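Number of protein chains: 2
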Amino acid sequence: MPAFAKRMSQVRRSFIREILKVTADPSIISFAGGLPKPDLFPTGPMADAAARVLAENGPAALQYSVTEGEPALREWIAARYKAKKNLDIDPAHILVTNGSQQSLDLLGKVFLDPGDLVGVELPGYIGAIQAFSIFEPAFAGVPLGPEGPDLDRLTEVVLSRRAKMFYAVPNFQNPSGLTYSLAARRAVAEILRMSDTVFVEDDPYGELRFFGEPLPPVTSFLTQDAYLLGTFSKIAAPGLRLGWVVATPDTLAKLVTAKQASDLHCSTLVQRILIQFLADNDLDAHIATIRAVYGAQRDLMIERIKAEFPAEVTCTEPEGGMFLWVTLPEGCSAFALFDLCIKEKVAFVPGGPFFVDGGGERTLRLNFSNADPERIAEGIARMGKGIKTLLARPGCASGS
Amino acid sequence: MPAFAKRMSQVRRSFIREILKVTADPSIISFAGGLPKPDLFPTGPMADAAARVLAENGPAALQYSVTEGEPALREWIAARYKAKKNLDIDPAHILVTNGSQQSLDLLGKVFLDPGDLVGVELPGYIGAIQAFSIFEPAFAGVPLGPEGPDLDRLTEVVLSRRAKMFYAVPNFQNPSGLTYSLAARRAVAEILRMSDTVFVEDDPYGELRFFGEPLPPVTSFLTQDAYLLGTFSKIAAPGLRLGWVVATPDTLAKLVTAKQASDLHCSTLVQRILIQFLADNDLDAHIATIRAVYGAQRDLMIERIKAEFPAEVTCTEPEGGMFLWVTLPEGCSAFALFDLCIKEKVAFVPGGPFFVDGGGERTLRLNFSNADPERIAEGIARMGKGIKTLLARPGCASGS
Numbered sequence: 001m002p003a004f005a006k007r008m009s010q011v012r013r014s015f016i017r018e019i020l021k022v023t024a025d026p027s028i029i030s031f032a033g034g035l036p037k038p039d040l041f042p043t044g045p046m047a048d049a050a051a052r053v054l055a056e057n058g059p060a061a062l063q064y065s066v067t068e069g070e071p072a073l074r075e076w077i078a079a080r081y082k083a084k085k086n087l088d089i090d091p092a093h094i095l096v097t098n099g100s101q102q103s104l105d106l107l108g109k110v111f112l113d114p115g116d117l118v119g120v121e122l123p124g125y126i127g128a129i130q131a132f133s134i135f136e137p138a139f140a141g142v143p144l145g146p147e148g149p150d151l152d153r154l155t156e157v158v159l160s161r162r163a164k165m166f167y168a169v170p171n172f173q174n175p176s177g178l179t180y181s182l183a184a185r186r187a188v189a190e191i192l193r194m195s196d197t198v199f200v201e202d203d204p205y206g207e208l209r210f211f212g213e214p215l216p217p218v219t220s221f222l223t224q225d226a227y228l229l230g231t232f233s234k235i236a237a238p239g240l241r242l243g244w245v246v247a248t249p250d251t252l253a254k255l256v257t258a259k260q261a262s263d264l265h266c267s268t269l270v271q272r273i274l275i276q277f278l279a280d281n282d283l284d285a286h287i288a289t290i291r292a293v294y295g296a297q298r299d300l301m302i303e304r305i306k307a308e309f310p311a312e313v314t315c316t317e318p319e320g321g322m323f324l325w326v327t328l329p330e331g332c333s334a335f336a337l338f339d340l341c342i343k344e345k346v347a348f349v350p351g352g353p354f355f356v357d358g359g360g361e362r363t364l365r366l367n368f369s370n371a372d373p374e375r376i377a378e379g380i381a382r383m384g385k386g387i388k389t390l391l392a393r394p395g396c397a398s399g400s
Numbered sequence: 001m002p003a004f005a006k007r008m009s010q011v012r013r014s015f016i017r018e019i020l021k022v023t024a025d026p027s028i029i030s031f032a033g034g035l036p037k038p039d040l041f042p043t044g045p046m047a048d049a050a051a052r053v054l055a056e057n058g059p060a061a062l063q064y065s066v067t068e069g070e071p072a073l074r075e076w077i078a079a080r081y082k083a084k085k086n087l088d089i090d091p092a093h094i095l096v097t098n099g100s101q102q103s104l105d106l107l108g109k110v111f112l113d114p115g116d117l118v119g120v121e122l123p124g125y126i127g128a129i130q131a132f133s134i135f136e137p138a139f140a141g142v143p144l145g146p147e148g149p150d151l152d153r154l155t156e157v158v159l160s161r162r163a164k165m166f167y168a169v170p171n172f173q174n175p176s177g178l179t180y181s182l183a184a185r186r187a188v189a190e191i192l193r194m195s196d197t198v199f200v201e202d203d204p205y206g207e208l209r210f211f212g213e214p215l216p217p218v219t220s221f222l223t224q225d226a227y228l229l230g231t232f233s234k235i236a237a238p239g240l241r242l243g244w245v246v247a248t249p250d251t252l253a254k255l256v257t258a259k260q261a262s263d264l265h266c267s268t269l270v271q272r273i274l275i276q277f278l279a280d281n282d283l284d285a286h287i288a289t290i291r292a293v294y295g296a297q298r299d300l301m302i303e304r305i306k307a308e309f310p311a312e313v314t315c316t317e318p319e320g321g322m323f324l325w326v327t328l329p330e331g332c333s334a335f336a337l338f339d340l341c342i343k344e345k346v347a348f349v350p351g352g353p354f355f356v357d358g359g360g361e362r363t364l365r366l367n368f369s370n371a372d373p374e375r376i377a378e379g380i381a382r383m384g385k386g387i388k389t390l391l392a393r394p395g396c397a398s399g400s
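Protein sequences appear in the order of chains A and B.
Residue numbers for the first sequence follow full-length UniProt numbering, beginning at 1 and rising by one.
Residue numbers for the second sequence follow full-length UniProt numbering, beginning at 1 and rising by one.
No wet-lab data here; the hints were simulated from the structure.
Computed from a predicted structure; not experimentally measured.
A portion of the hints provided could be inaccurate.
Copies of the same chain are indistinguishable here, so a pair counts whether it falls within one copy or spans any two.
Once the Cα atoms are required to be at most 30 Å apart in a straight line, the calculated DSS-like pairs of lysine-lysine come out as [to be verified]:
no., residue 1, residue 2
1, K21, K254
2, K343, K385
3, K6, K82
4, K84, K343
5, K84, K254
6, K6, K343
7, K21, K85
8, K6, K254
9, K388, K306
10, K254, K388
11, K343, K21
12, K82, K254
13, K37, K84
14, K385, K37
15, K385, K21
16, K21, K388
17, K345, K82
18, K385, K82
With the rest of the complex left out, here is chain A (with noise of 0.2 Å):
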């Protein structure tokens, strides 16, 4: 058997999908996934989309296409940029790529050389924490408040360890809920500004702001290069594959290239489906309807956490996005609660994991984009049930 690729020895499967495994069992309320709320998909306008595609282009949605995404699609998401942000991006500097997930993947190939750092907030998102570990980089953390990454500890990675790339994502994000304030992103652009630390500015919750006003992305404040992510998964669907980067144009070139070996283009079909979709349907519509029902279970979650859960118990209160951060008292395990709910059939993701530098032992990640109203309550009743069991004993206060 020949032996693999020293990359390898570094990745992890994701811990998540794996979990997610767990809880196919239907009787398990599973708080574990990000997974979108499948309802709400736009699934007729999707059928007239596809319809109205295969019917009137056929050949052309069928046939390979070009590496950098159909220019219909990469317009639309430049117009966007305009109306939303108020930023002037050219759809030239725009790649298509199948999710967030392979822009980080076409990000890491074409920067991360092994050994190369890479700032990644604590708690991080894992998938970008998988896709960078394939290129063998040394992460550094660094711990994120209410209102921001923690400036010093910035300061240390990006200008004293000279850190090659900062992957943050400042709205509402994964997996502590968490946002960065105006301030927050001016300082963060300001210690930037004086690197050349690749910024990597994943944004895939922005739209999903339940209240409160939009903040500009970190990168608007940044004249170096910079690298803007989006997906259409949340706004949309996931099932699609269908995110973007945007760039710089001689990383652009390289993306492209990175792109071409990878896989030649995102699918045609689905493609020009979506721009169909986007053609035909008011999607500020769509997302308010995703905004209504996603606030209203944010809210209903932490209602019922407030009742259920004990007073030493807290948990972020986020502005958006589809995910609360729960954080136990001091010595009480995340994985020992874990194990508990399962019993009680219920599931949600122990924090562990997305601290690149260990810790978070005590912190675990709820989402309340999926599950009903009516097994919300029912879940975070059974969580209950289990917390109390875990602070009851003896050891929890004392460590895992």
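Knowing the structure of chain A, use the given hints to seat chain B on it.
Using the frame of chain A, we list chain B on its own:
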């Protein structure tokens, strides 16, 4: 501006895709691309399949899915190996990918460390060379003849130089159109059996045989790790971007991890549309139509070449696939011919870039699947003019 990763200095943009931009002018008759004929795409049946999928189970078709690929699609692929080649393949050993190109990327990720030796055919498939280049291997060419690869050279590369990987396209190879004989398949397997070399057998064109008997894959003579690649691009439609790799369980687990890190999974929607299309239609009848059309176009192209090209210009006469391989007299340059032919409004791909060891200056690739018969006849006549101009040059016989 931050530095790009070292790996990117090895990777060239696809020469063919650059040529395709030149040939976007519809007045140019192009034999350059590797495009299937779009009027043969099953547009209506795909529209029916899309309508059914979205009507009957739309939300699931638009949701996230498993990395391995939709179970029904993996089962279909395994059943077809049994029906067509009498191979017993467990669906659990199949990973669905974004076309063969992604299978190559994932195999490179999983197996290739910088400096590893990869054997490729001379001429060899450019997409594979590009995919593997990302992982910084060294390449060793194995010349391809009418019966198969040069076995002495293969022995040297695989056994003496202990290549980490050998990549082959035994059926109607791209770019040459050549096919390994049964004896060559056995001999290649015998050499590989004595080695730890990872054997990657790519078979995009195997179902497009115009005459003669199908031959068993080289992999069927092996008991060790070997990887069989397939694609729906040539038998259904390339715009779906769906292919697969068959692997042993340990390697499949690594490939799944690499796929998770690369893009989570292939589009759920397009996988389900394809499954429905395959369930509701007679694929063999569809492939028979493709074979009949491509076979007739191949016959016509060879007939017109014999009529229009000087006798000292030779070409392969493939039993299937999409390509012919033309060899000019000694000393003539296919790049010089390309310039002459673009003036005549006809395009092809010069052969040089298909040779990892250099050489091939007087060879070129012609695609016969995409153009209509009228354009094939007219394009070969135009090329004949260009060739006669080239051969009349005193320099042609003495080097380019």
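Taking the hints in turn, this is what the structure says about them:
no.	hint	verdict
1	K21 / K254	between (36 Å within a copy, 18 Å between copies)
2	K343 / K385	within (11 Å within a copy, 79 Å between copies)
3	K6 / K82	neither (43 Å within a copy, 35 Å between copies)
4	K84 / K343	neither (45 Å within a copy, 47 Å between copies)
5	K84 / K254	within (28 Å within a copy, 41 Å between copies)
6	K6 / K343	neither (39 Å within a copy, 50 Å between copies)
7	K21 / K85	neither (38 Å within a copy, 33 Å between copies)
8	K6 / K254	both (24 Å within a copy, 12 Å between copies)
9	K388 / K306	within (13 Å within a copy, 86 Å between copies)
10	K254 / K388	neither (53 Å within a copy, 40 Å between copies)
11	K343 / K21	within (16 Å within a copy, 60 Å between copies)
12	K82 / K254	within (25 Å within a copy, 41 Å between copies)
13	K37 / K84	within (24 Å within a copy, 41 Å between copies)
14	K385 / K37	within (26 Å within a copy, 63 Å between copies)
15	K385 / K21	within (24 Å within a copy, 64 Å between copies)
16	K21 / K388	within (26 Å within a copy, 65 Å between copies)
17	K345 / K82	neither (46 Å within a copy, 41 Å between copies)
18	K385 / K82	neither (48 Å within a copy, 52 Å between copies)
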